[in-house]
Structure formats: C-alpha cells, structure tokens
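Residue numbers (numbering that gives the first Met the number 0), protein chains in the order written: chain A, 0 to 507; chain B, 0 to 510.
These aren't lab readings, by the way, just hints derived from the structure by calculation. Check each hint, because a few of them may be wrong.
Claimed, not checked - Lysine-lysine pairs mimicking DSS-like chemistry, simulated, CA-CA at most 30 Å apart:
no., chain 1, residue 1, chain 2, residue 2
1, B, Lys190, B, Lys58
2, B, Lys114, B, Lys168
3, B, Lys114, A, Lys387
4, B, Lys483, B, Lys58
5, B, Lys28, B, Lys114
6, B, Lys454, B, Lys483
7, A, Lys387, B, Lys168
8, A, Lys387, B, Lys28
9, B, Lys483, B, Lys412
Claimed, not checked - Derived DEER-like restraints, expressed as beta-carbon distance ranges:
no., chain 1, residue 1, chain 2, residue 2, range
10, B, Pro209, A, Gly55, 50 to 60 Å
11, A, Ala432, B, Pro209, 21 to 31 Å
12, B, Pro415, A, His314, 54 to 64 Å
13, B, Pro415, A, Ala432, 36 to 46 Å
14, A, Ser474, B, Leu24, 10 to 20 Å
Don't be surprised by glycine CBs; every beta carbon is placed ideally from N, CA and C.
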Amino acid sequence: MNLEAVKLAAANNVWSAIFPEMMLGCIALLLLVLEMLLPPKHHEVIPDVAAAGLFGTLIGLVINWHPIWIGSETFNGLIRHTEAGQVMRGFFLTSALLVCLLARLTLRRQAMPRIEFYHIVLVVTAAMMLLAQSNHFVMLFVALETLTIGLYILVSYFRTSTASLEAGLKYLLMGALSSGMLLFGIVLLYGVAGNPALPAQSTQPLHYPELARFLAANPHHFLASLGIVFILAGVAFKIGAFPFQIWVPDVYQGAPTPVTAFLAVASKGAGFAVLLALCGAHGVFSAYAWLTTPILTAMAAATILFGNIAALTQHNVKRLIGLSGVSHAGFLILGVVASQTVPMAVGAIYFYLFAYLIASFAVFGVMSHLAGADDSDQELEHYSGLAKDSPFLATVLAVGLGSLAGIPPLAGFMGKLFVLMAAFQSGARWPLAIAALGVVISIYYYFGWIKAAFFETWTPPSESGGAPARPARTSVAPSAGLLLGALALASIALGFYQGPWGEWLARP
Amino acid sequence: MSPFLTDPLLIAIATPLALALAIALGLTKRWSVRLAYGAFSVPFLAALHVWWHYAAAPKMGGYAFLTRYSTGLDGLGIGLKLGLNGISLPLFVMAGIVGLAAGLYALQSQAERLKIYVMLLLIMQGGLMGVFASVDVFYIYFFHELALIPTFIMVGIWGGRDRSYAAMKMTIYLTVGAMISLVGLIALYVKSGAHTFDLIALRAHLAAHPLSATLQHNIFGLLMFGFGILVSLWPLHTWAPLGYGAAPSANAMLHAGVLKKFGLYGLIQVAGPLLPAGAWHWAQPLAWVAVLGNILIVGLVTIAQRDLKQMIGYSSVMHMGYAFLGIAAGSALGVGGVVMMMVAHGLSVALLFMLATSIYHRTQSFAMDEMGGLAQPAPVLAACFVAATFASIGLPGFANFWGELMVFIALWKFAPLVTILAVSGVVISAIYGLRSIARIFFGPATEQMRAVAAKHPPVDLRWSEKAPVLILLAALLFIGFWPKSMSQAINETLATMSFREPAAPTQALPR
Numbered sequence: 000m001n002l003e004a005v006k007l008a009a010a011n012n013v014w015s016a017i018f019p020e021m022m023l024g025c026i027a028l029l030l031l032v033l034e035m036l037l038p039p040k041h042h043e044v045i046p047d048v049a050a051a052g053l054f055g056t057l058i059g060l061v062i063n064w065h066p067i068w069i070g071s072e073t074f075n076g077l078i079r080h081t082e083a084g085q086v087m088r089g090f091f092l093t094s095a096l097l098v099c100l101l102a103r104l105t106l107r108r109q110a111m112p113r114i115e116f117y118h119i120v121l122v123v124t125a126a127m128m129l130l131a132q133s134n135h136f137v138m139l140f141v142a143l144e145t146l147t148i149g150l151y152i153l154v155s156y157f158r159t160s161t162a163s164l165e166a167g168l169k170y171l172l173m174g175a176l177s178s179g180m181l182l183f184g185i186v187l188l189y190g191v192a193g194n195p196a197l198p199a200q201s202t203q204p205l206h207y208p209e210l211a212r213f214l215a216a217n218p219h220h221f222l223a224s225l226g227i228v229f230i231l232a233g234v235a236f237k238i239g240a241f242p243f244q245i246w247v248p249d250v251y252q253g254a255p256t257p258v259t260a261f262l263a264v265a266s267k268g269a270g271f272a273v274l275l276a277l278c279g280a281h282g283v284f285s286a287y288a289w290l291t292t293p294i295l296t297a298m299a300a301a302t303i304l305f306g307n308i309a310a311l312t313q314h315n316v317k318r319l320i321g322l323s324g325v326s327h328a329g330f331l332i333l334g335v336v337a338s339q340t341v342p343m344a345v346g347a348i349y350f351y352l353f354a355y356l357i358a359s360f361a362v363f364g365v366m367s368h369l370a371g372a373d374d375s376d377q378e379l380e381h382y383s384g385l386a387k388d389s390p391f392l393a394t395v396l397a398v399g400l401g402s403l404a405g406i407p408p409l410a411g412f413m414g415k416l417f418v419l420m421a422a423f424q425s426g427a428r429w430p431l432a433i434a435a436l437g438v439v440i441s442i443y444y445y446f447g448w449i450k451a452a453f454f455e456t457w458t459p460p461s462e463s464g465g466a467p468a469r470p471a472r473t474s475v476a477p478s479a480g481l482l483l484g485a486l487a488l489a490s491i492a493l494g495f496y497q498g499p500w501g502e503w504l505a506r507p
Numbered sequence: 000m001s002p003f004l005t006d007p008l009l010i011a012i013a014t015p016l017a018l019a020l021a022i023a024l025g026l027t028k029r030w031s032v033r034l035a036y037g038a039f040s041v042p043f044l045a046a047l048h049v050w051w052h053y054a055a056a057p058k059m060g061g062y063a064f065l066t067r068y069s070t071g072l073d074g075l076g077i078g079l080k081l082g083l084n085g086i087s088l089p090l091f092v093m094a095g096i097v098g099l100a101a102g103l104y105a106l107q108s109q110a111e112r113l114k115i116y117v118m119l120l121l122i123m124q125g126g127l128m129g130v131f132a133s134v135d136v137f138y139i140y141f142f143h144e145l146a147l148i149p150t151f152i153m154v155g156i157w158g159g160r161d162r163s164y165a166a167m168k169m170t171i172y173l174t175v176g177a178m179i180s181l182v183g184l185i186a187l188y189v190k191s192g193a194h195t196f197d198l199i200a201l202r203a204h205l206a207a208h209p210l211s212a213t214l215q216h217n218i219f220g221l222l223m224f225g226f227g228i229l230v231s232l233w234p235l236h237t238w239a240p241l242g243y244g245a246a247p248s249a250n251a252m253l254h255a256g257v258l259k260k261f262g263l264y265g266l267i268q269v270a271g272p273l274l275p276a277g278a279w280h281w282a283q284p285l286a287w288v289a290v291l292g293n294i295l296i297v298g299l300v301t302i303a304q305r306d307l308k309q310m311i312g313y314s315s316v317m318h319m320g321y322a323f324l325g326i327a328a329g330s331a332l333g334v335g336g337v338v339m340m341m342v343a344h345g346l347s348v349a350l351l352f353m354l355a356t357s358i359y360h361r362t363q364s365f366a367m368d369e370m371g372g373l374a375q376p377a378p379v380l381a382a383c384f385v386a387a388t389f390a391s392i393g394l395p396g397f398a399n400f401w402g403e404l405m406v407f408i409a410l411w412k413f414a415p416l417v418t419i420l421a422v423s424g425v426v427i428s429a430i431y432g433l434r435s436i437a438r439i440f441f442g443p444a445t446e447q448m449r450a451v452a453a454k455h456p457p458v459d460l461r462w463s464e465k466a467p468v469l470i471l472l473a474a475l476l477f478i479g480f481w482p483k484s485m486s487q488a489i490n491e492t493l494a495t496m497s498f499r500e501p502a503a504p505t506q507a508l509p510r
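Sequences and hints are given; from them, build the entire structure.
Laid out in structure tokens, this is it:
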C-alpha cells in the first residue's frame with residue numbers, strides 16, 4: 000500500500016467522533032498510574048476517579064448528543080454514527096457507572112486487588128460502545144473480543160472462590176465456542192460475498208452496506224444462509240437466548256455480584272445492539288428476513304418459556320435473576336422480530352433495555368447489601384424478615400422486582416407493553432400468547448422473592464441456637480441509599496411519565 | 000383544558016398518591032395519620048363536587064370535566080385524559096365514598112406498621128379514583144393495576160388465616176385476568192386501525208368503521224374472559240372468597256367494593272359499546288354461566304358457609320352474577336341496571352366487610368356457629384348489620400333494589416327462563432342473609448361466645464366505627480330513595496350509546 004492510499008484512508012479517521020471511547024481508555028490508564036503514584040492509604044480515591052470519569056463522559060455525551068457525524072461513517076466505514084448508537088453509548092456508560100458503584104460495596108468484603116477491576120470495567124465499556132456503533136464485521140469482532148476477554152477476567156475475579164473460578168472457566172469455554180461460531184459465520188459470508196462469480200460481489204464484503212447489497216442480490220444463497228445462522232448462534236450465546244442459555248445460571252451465580260449485573264445488563268444490551276444492526280428493519284440481513292424471522296420468533300418463544308420455567312425452582316437469587324434475565328432476552332428478541340416490520344419496535348427495545356437497567360441495578364444493589372463473605376451464596380431464605388430489619392431495602396427490592404415482573408405503574412410494564420404492542424402489530428400472535436403466559440409464570444417467582452422479604456415466615460432455630468444462618472445485615476451507607484432510592488424512584492417515575500422518551504419512541 | 004390545580008379529577012387521583020409518596024420518603028407516623036384523614040377526604044369531596052355539578056357541566060363527546068395531560072406518548076395515542084360520563088360518574092362517586100369509609104376505618108384500627116398500611120391504602124385509593132376518571136383505555140387499565148398491587152401486599156402482611164397462600168393465589172389469578180384483558184385491549188388498539196386508546200376517538204372510529212364479526216367475537220371473548228376473571232366469573236371465582244377471607248378489612252372493602260367493579264366497568268364502558276356484535280355473540284353463554292354458575296351454584300355454596308367473612312366473599316361472587324346477566328341482556332335498561340347495582344353493591348359489600356370485622360372484635364371468631372345473642376350488648380351493631388344485609392338482599396328502600404329490578408326487567412325480554420332462575424337466586428340470598436343475622440345476633444349465646452364475653456364484655460359500636468358505617472348507610476339509603484340522582488346521568492349517556500337492542504332507551508330508567 001503506498002503512502003497516498005494510507006493518507007487517504009487516514010483522512011477519514013475522525014478521532015473526535017470516538018472521543019468518549021478514547022476518554023474511557025485514558026481514564027483506565029490513569030487509574031493504573033494513580034495506583035503506582037499514590038501511597039496505598041489513598042487508594043480509596045481510585046474507584047471514585049473511575050466513577051467520576053464515567054459520569055463526566057456520560058455528561059459530555061448528553062451535552063453533545065447531536066454531533067455532526069450522526070448518520071455518517073468514519074474510519075473508512077468501520078464505524079457508523081447513529082442516534083441509536085448514541086442511545087446505546089449512554090446505556091453502557093450508565094451501566095458501567097452503576098457497576099463501579101456496586102463494586103465499591105462488594106469489593107470491600109473481599110481481600111482482592113481493586114484497581115484492576117475498575118480498569119477492566121472501563122476498557123470493556125469502551126469496547127461495548129464501539130460494538131454498538133460498528134459498521135464492519137472486523138470492527139464487530141475486535142470490539143466483541145475485547146469485551147469478552149475483559150469479562151472472562153471479571154467473572155473469575157474472586158480468584159479465591161471456587162464458584163467464581165468455575166464460572167470463569169465455564170464462561171471462557173462457552174465464550175470461546177460462541178466466538179468461534181460467530182467467526183465461522185463471518186468467514187462464510189466473507190467467502191461468499193467475495194466470490195466474483197456471483198452478482199453484486201464486493202471487494203469489501205465485511206462492510207455492512209456492501210454485504211447488505213450483496214445479500215439483497217442473492218436472497219436465497221445456501222452458504223450465505225449458513226453463515227447467517229452461525230452468526231445468529233454466536234450472538235444468541237452473548238444474550239443468553241435458548242438454546243444457548245446453558246451457561247447463564249452457573250456463571251451468574253459464580254461471578255461477583257457487580258459483574259453479574261454487568262453481564263445481565265450491559266453485555267445483554269450489547270448483544271441486542273448487534274442483533275438490531277444485523278436483523279432490524281434496515282439491518283444487514285434484512286434480505287434474509289425469510290430465514291431470520293422464523294428463527295428469531297421460535298427463539299423468542301422458547302427463550303421466554305425456558306427462562307421463566309427454569310427460574311421457578313431456583314432458590315439462589317443470583318441464579319434466579321440470571322434465568323429471569325433469559326426470559327427478558329426472549330421479550331427483547333420478540334421486539335427485534337417486530338422491528339423488521341414495525342418502526343416503533345426499535346424504540347420499544349431501547350425503552351425496555353433502560354427500564355431493565357434501572358430495575359436490575361436496584362435489585363443488584365439490594366443483593367450487594369445482603370451478600371456475605373461468600374458472594375455466590377445468596378439464597379432466598381436470606382431475605383426473610385428484610386422488611387422488618389430494613390424497610391428501605393425491602394421497598395427498593397419490591398420496586399425493582401415489580402418493574403422486572405412488568406407490574407404497572409413501573410417502567411418495566413411500559414417496556415413490556417410497548418414490545419407486546421409492537422409484536423401484535425407485526426402479526427406475531429402465538430409468540431405474543433407465550434409472552435403473556437411468561438409474564439404470568441414470572442409473577443410466581445418474582446412474587447415469591449418479594450414474599451420472602453416481606454411476609455413473616457417461621458424459621459427453624461439454627462443449630463448454634465443464635466442468629467439464623469444468614470450473612471449479617473449491614474446498614475445502608477447514605478450514598479448507597481441515595482443511589483438505590485434514585486433507582487427506585489426512576490422506575491416509578493418512568494412508569495408514570497415517559498416524556499421525551501415516549502416522543503422519541505413514538506416518532507414515525 | 001382547565002388549569003392543573005383546579006381539575007377535581009386530577010386532584011382526587013393525585014392527593015392520595017402524593018401523600019403515599021411522602022410517607023414512602025419518610026414522613027413521621029403522626030403526620031402520616033393526620034394528613035391521611037385529609038387525603039381520604041379530598042377524593043370524597045371531589046366526588047361530591049362532580050356529582051353536584053355534573054348535570055350542568057359542559058360535555059364533549061359525552062364526557063364532562065374533560066382534561067388531557069400529555070405523558071409523552073401522544074404518538075402512540077396514549078395520554079392521561081380525564082373525564083366523566085354517565086357510566087363512570089356513579090362509580091367515581093361510589094369510589095370516593097367507600098374510600099373515605101375504608102380510610103377512616105383503617106386509620107382508627109390498631110394495625111401493626113400502620114404507616115405502611117395507610118400508604119398502601121392511599122395508593123389503592125388514588126388508583127381507584129383514576130380507574131373511573133380516565134377516558135383513555137390504557138389508563139383505565141393502568142390505574143386498575145396500580146390499585147391492585149397493594150392488595151397482594153396487604154393480604155400477605157396483615158391478612159388472616161392462610162394469608163400467604165391466599166396472596167399468591169390472588170396474585171396469579173388476577174395476573175392471568177389482567178394479561179388476557181391486556182392482550183384484548185392491544186388487539187382492539189391495533190385491529191381498530193385507530194391507533195389510539197382514547198375512548199372517545201375509538202368510539203367515533205369504530206362507529207364509522209366497525210370491525211368484522213369474527214374479530215369482534217374474538218376480541219370480545221378475550222376481554223370477557225380477562226375481565227371475567229377479575230370480577231370472579233364462575234368457575235374462575237375461587238380466588239375471591241379466599242382472598243377476601245384473608246384480606247384486612249379496609250383492603251377487602253376497597254377491593255370487593257370498588258376495585259372488582261373494574262372488570263364490569265370495562266365490559267360496559269369499553270367492550271360492549273365498541274364490539275356490539277361480539278357482545279351479542281357471547282350473550283347467551285355468558286347469561287347461562289352467570290345464572291347457573293355464579294348465582295345458583297355459588298349461591299348454594301354460600302348457604303353452606305360457616306365463616307362469616309367467607310360467606311360475604313361468596314355472596315359478593317354471587318351478586319356479580321346479576322351484573323353479568325345485565326350485561327348479557329345488553330339493553331340500555333339492563334346495562335343501566337348493572338351500573339346502579341355496581342354502586343349499590345360496592346357500598347353494601349364494603350359495609351358488610353367492615354361490620355364483619357367489628358363483629359370479630361367482639362366475638363374473637365368469624366365462625367357463625369360460635370356466636371349468638373350479640374344484639375343485646377350491641378344493638379346498634381345489630382341494626383346496622385341487619386340494614387346492610389337487607390340492602391345486600393335487595394329490599395326496596397336501598398340502592399340495590401333498583402339495580403336488581405332493572406336487570407330483571409331487561410333480562411325478561413332477553414331470556415325468560417334465565418330470569419326465572421335468577422329471581423330464585425334472591426331467595427338464596429335471603430336464606431343465607433337472614434340465617435347469618437339470626438346466628439350472630441339473636442338466640443342464646445353459645446358457650447364459646449359466653450367464654451369470650453366473660454373475658455372481654457362486648458361493647459356497642461364506638462364512634463370511630465360508627466362514622467364509616469353511617470357514611471355508607473346514608474349513601475345506600477339516599478340512592479335507594481332518590482335513584483334519579485344517579486340514574487339521570489346514566490340514562491343520558493346510555494341513550495347516546497348504541498347497544499344491541501336500540502329500543503327506546505329514553506323510558507328505560509326510573510325517573
């Protein structure tokens with residue numbers, strides 16, 4: 000490649016367009032530098048720097064919500080800036096911020112190095128933000144691997160806990176398998192779309208618009224269909240959709256609670272950003288809707304049913320929330336299916352994701368407060384009498400679970416309603432019936448959890464005769480209380496008043 | 000659009016909710032209770048205000064006091080639109096009255112954790128006012144669910160026997176009902192093509208472009224089963240007696256009295272007028288299920304009850320059968336009768352649940368076999384209970400009489416055989432009603448009763464109990480003697496709606 004071509008290519012690199020991502024990278028490095036420079040007694044301040052950096056980046060993003068690059072491609076088509084991309088950037092920044100705040104609670108109980116945790120969270124967040132805006136399979140894969148490798152480390156972060164190590168190993172194996180499948184699918188598409196014998200073949204077959212053009216010209220090519228199926232399978236691993244949900248309960252249980260939250264919310268959101276870009280209305284695979292629609296519809300129905308039914312019998316709350324998260328993924332897939340024909344479905348998915356984020360972090364926040372030294376041992380029985388000991392935590396828990404269950408007037412209900420409306424408009428009747436059934440089933444276990452916290456039950460006296468066998472309850476720090484209260488109020492307020500969110504959702 | 004702070008409907012909804020939020024944010028117990036008296040009175044006063052001014056208020060699309068607040072979902076045809084027509088006005092008024100009575104009763108009760116109790120009751124009250132004040136179908140549903148959640152928690156925490164089981168069973172049954180009706184409402188929204196939940200716009204749109212007969216059958220069927228579960232349509236009624244038996248009294252008053260009417264309200268206000276062909280299609284099966292299941296079978300089950308609260312719970316399931324019959328009859332007379340009956344039943348069943356708890360405080364038991372002779376130490380309680388039972392049976396002089404009478408007359412035109420069976424149900428209510436009076440208040444005291452009386456000599460109703468009783472009894476008698484105060488508004492609205500049988504609705508109601 001000669002110098003001119005390099006210059007030409009570099010002219011398209013608009014570094015300021017990915018300023019938030021670079022910012023996160025710099026803060027991540029800054030954390031490591033601070034750890035070296037600061038004396039150990041001042042290390043307490045480093046998590047605050049991470050949180051402040053994320054918050055600042057989020058504010059900067061909101062202020063600069065409509066940059067001039069919206070709707071255009073940069074970095075030679077690797078990245079495309081869209082409004083949806085901005086929304087997802089905000090989503091990942093918010094969840095990373097909340098993960099950092101949760102981590103301060105959880106890491107305090109463990110004798111573990113702390114700084115690396117925040118460092119990795121920042122790097123993973125930057126990768127997710129790039130993933131949501133990727134416009135090229137190379138970009139997609141690089142971002143996805145950065146994110147996944149970071150998560151491997153985070154999942155097994157409590158390296159003295161066997162549960163955490165086991166979860167890490169399982170996640171590593173499953174993640175490697177899914178990456179392999181994704182890559183295999185990408186390679187198949189690359190090979191087919193680069194075939195000069197086929198119409199509309201491309202020299203840049205991994206570039207989304209080029210590939211979409213090729214697929215539109217060859218709407219029933221066998222190898223292309225095979226590649227698409229492999230890619231869908233790879234993405235389904237990430238979001239934990241049936242039949243690739245098998246890793247979810249173990250990994251969610253073993254991972255440190257903030258990482259579980261990160262997996263449940265941000266990682267799932269990243270998967271859906273990819274899925275929307277691929278299978279949405281103007282997605283890369285829209286010419287293959289004949290293939291993707293039935294696959295995704297069946298996947299949605301099976302995921303909703305499996306997640307809810309499997310969650311019924313769980314006693315460990317981390318497993319329970321993991322499996323309930325599987326059923327939420329099913330709802331979101333239903334939204335993706337609907338988005339192929341109904342424009343409002345896209346907004347519905349984003350609304351659902353944000354409602355899920357707010358409610359999940361409220362629940363995870365309460366879980367972090369109740370967890371003991373063994374982070375994977377969080378049973379439903381540990382919640383008995385919570386309403387008496389700490390009415391505040393119990394209320395936050397009830398609001399969070401209510402929103403996850405989709406009970407009006409909480410935000411989760413509005414999300415479910417929008418998705419159901421979109422699904423009905425797209426004509427998906429029987430998955431809709433299954434979704435409604437899923438809501439009813441989910442009431443049983445969400446309500447069972449609330450029951451454990453609120454209703455008094457007789458508990459047998461423990462062997463030692465003293466306090467019941469559950470981790471000691473710690474009081475809620477004012478800052479954590481403020482955060483949890485804000486999350487609960489946000490769930491309520493977003494249920495009553497959608498405001499600009501609603502307008503964005505309902506735009507034609 | 001009237002200004003925010005002078006809209007009586009919004010004030011009636013927002014005041015209890017605002018206080019509930021304040022309590023959740025940490026208001027002290029003393030102030031919570033003090034302010035709660037106000038927060039329960041405000042919806043009551045607003046209800047009286049709109050009742051008084053309804054006739055003279057300017058109406059748009061059949062609705063008075065119409066206002067609209069945007070919540071950002073205008074693009075989807077969802078907005079908080081408040082207003083009252085002749086169907087919702089009586090229920091709105093009833094919700095205000097029963098809410099005040101339940102609130103007063105709760106505030107003087109010595110419930111544990113009174114603050115949370117009052118907070119949940121306030122949420123319920125706000126939701127109830129919202130159900131009947133909303134013109135937007137989405138918000139009718141939304142406020143119903145808002146009012147429903149406190150029920151689960153209240154049954155679970157303050158409930159009586161089997162509370163955990165009862166709370167779970169109620170939650171699941173009611174969620175099933177709510178989900179089925181939600182799917183029905185979404186179907187209505189999408190299939191009508193109007194893409195709005197605004198009832199006025201939906202009505203206009205469907206009058207111009209009616210849905211096909213098959214669609215109407217299917218959607219009405221969904222709504223009928225969904226709403227039917229919420230109103231305890233036989234054989235899906237088993238949650239009701241169990242739940243009411245376990246629920247704390249103020250909660251049972253609001254749920255059985257007011258909230259349960261949501262399903263009937265949805266059928267009358269939304270499903271019936273919008274899907275007339277569907278209503279016609281389902282009328283016969285609905286009538287037979289209601290008369291055989293809800294009235295006769297549940298009626299006989301009611302006779303067999305030994306537990307006072309269970310008996311009231313079953314009797315309320317039975318009375319819902321009459322309401323379904325009126326809806327099946329479908330004429331303006333029948334539907335108007337149902338509205339009257341909903342108001343009357345709401346008042347009388349709330350009164351019965353409250354008095355049942357008052358009886359419990361004096362006998363320490365709900366088992367009617369273990370009572371007796373309570374009329375001597377507590378004559379006022381006895382008189383009130385007798386009056387409430389008479390009202391519930393439907394004797395003239397009480398509001399219930401007019402509702403049942405109108406339903407029977409309308410039903411005769413629709414299905415004479417069903418009418419005969421339904422009227423025989425009145426005898427059943429007389430049997431269990433009078434027998435419960437005899438067992439509780441008259442005859443010699445049983446041994447158990449004497450043992451309880453020796454420890455805690457029963458006293459008559461205290462003023463704190465009398466106040467809510469008098470409010471409810473006064474309302475029952477007022478409407479019983481002057482039904483026109485309600486029926487005129489009902490009549491005017493029903494005259495503008497197209498029912499299956501458009502025969503002369505002008506002379507339908509007693510004037």
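Hints, verified against the model:
1. B:Lys190 to B:Lys58: Satisfied, since the Cα-Cα distance of roughly 29 Å is no more than 30 Å.
2. B:Lys114 to B:Lys168: The hint holds at about 26 Å.
3. B:Lys114 to A:Lys387: Between Lys114 (chain B) and Lys387 (chain A) the Cα gap is close to 13 Å, so the pair holds against 30 Å.
4. B:Lys483 to B:Lys58: 20 Å, holds
5. B:Lys28 to B:Lys114: 6 Å, holds
6. B:Lys454 to B:Lys483: At roughly 49 Å apart (the allowed maximum being 30 Å), Lys483 (chain B) and Lys454 (chain B) break the hint.
7. A:Lys387 to B:Lys168: 24 Å, holds
8. A:Lys387 to B:Lys28: 16 Å, holds
9. B:Lys483 to B:Lys412: Answer holds: Lys483 (chain B) to Lys412 (chain B) is near 23 Å, not above 30 Å.
10. B:Pro209 to A:Gly55: 50 to 60 Å: Between Pro209 (chain B) and Gly55 (chain A), where Cβ atoms are some 58 Å apart, the hint holds.
11. A:Ala432 to B:Pro209: 21 to 31 Å: Roughly 25 Å apart at Cβ, these two residues keep to the hinted range, so it holds.
12. B:Pro415 to A:His314: 54 to 64 Å: 58 Å, holds
13. B:Pro415 to A:Ala432: 36 to 46 Å: 39 Å, holds
14. A:Ser474 to B:Leu24: 10 to 20 Å: Distance hint for Ser474 (chain A), Leu24 (chain B) holds at roughly 19 Å.
This entry does not satisfy hint 6, going by the numbered hints stated previously; all others are met.
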